[in-house]
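Trainee: Using the sequences and the hints, build the whole thing.
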Amino acid sequence: MPATQEAGIFDESALVAKAREGDLSAFNELVNSYSRKIFRLAKHITQNDEDAEDVLQETFLKAFEHLPDFQGQSKFYTWIVRIAVNESLMKLRKRKSDRSVPLDEPVDTGEDTVVREIAVWEENPEQKYSREELGQILDEAVEGLRPAFRTVFVLRDIEELSTEETAEALGISVPAVKSRLLRARLQLREKLTRFFKRKGDDVFAYM
Amino acid sequence: MLTCKEFLTELNDYLDETGDIELRRRIESHITLCPNCFVILDTTKKTIQVFKGVMPQTLPNDVQARLLKAVERKTSERKLRARSPGIQP
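Quick note, the sequences are listed as chains H and L, same order.
Oh and the first sequence: position 13 is 13 in my numbering, straight run, nothing missing.
Oh and the second sequence: position 69 is 69 in my numbering, straight run, nothing missing.
These are computed hints drawn from the structure, not numbers from a lab.
Note that the structure is predicted; figures quoted are calculated from it, not measured.
There's no promise every hint is true.
[Stated by the list, open to error] Partial chain H-side listing against chain L, Cβ under 7 Å, derived: (1) L24; (2) L67; (3) R116; (4) V120; (5) L134; (6) I137; (7) L182.
The beta carbon of each residue, even a glycine, is placed where N, CA and C say it ideally should be.
Mentor: So this is what it looks like as structure tokens:
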């Protein structure tokens, strides 16, 4: 682990210890350090600004409320990610009251991963689109994933949590994280290929 | 040599650089012979890069302000309760 990350963990646990003793400025510092990440995470899972803001507030209010129960066995960030993921999924459940989206949604890990679209991409495909268009393409691609895949992808590849931290934050096993991440990545690859593939080209361009 | 199915199973470890050297060697030798898997590896890697590159980490100022206000409300409620334990909020 790089030294900077170790320093981050040290600072975090010192702040958490102070906040637990009632130091409100220490808690505010934690809020300021993680609010952007938690908002982005909630936005990706709920796909909605208003819900993401609710999740953001609920997460920190709950964290404050339950800080005395936080044992410090995991990182504070992993702990609040878990709260934020649960709050986000509750929002999704409320919105789609006809469909439940449990966090531990069973996934058949033995099922084959299907790859349908195999095509070479443009050199810098993202430059074909404006920032806004690209953002929309990516948002829609993530939104199209099942919540169980989406949350793992967001935590691993966007928030850059480790496989173990993701497993802990979601309360699922390490193999489940790995399997869901593979599916999420391959499904996203498939969706993006439709936008980014080189016109009039196919896989044989490489041969 | 790896089969395409085995290649897919091991793809994540390769991309995350968590697989051992022997596995990396086998994957690399597979993709030099299998153009389909080469494209899958290349475009999956790019998929992750595109997401990492453009996902902004911004928090609108008003959202941050409302968050800090909500936290402040909560913390002053607690202080109030601590001072007057008999009064229910």
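Trainee: Taking the hints in turn, state whether each one holds.
Mentor: The hints, checked one at a time:
no.: 1; hint: L24; result: 5 Å, holds
no.: 2; hint: L67; result: 11 Å, violated
no.: 3; hint: R116; result: 11 Å, violated
no.: 4; hint: V120; result: 6 Å, holds
no.: 5; hint: L134; result: 6 Å, holds
no.: 6; hint: I137; result: 9 Å, violated
no.: 7; hint: L182; result: 5 Å, holds
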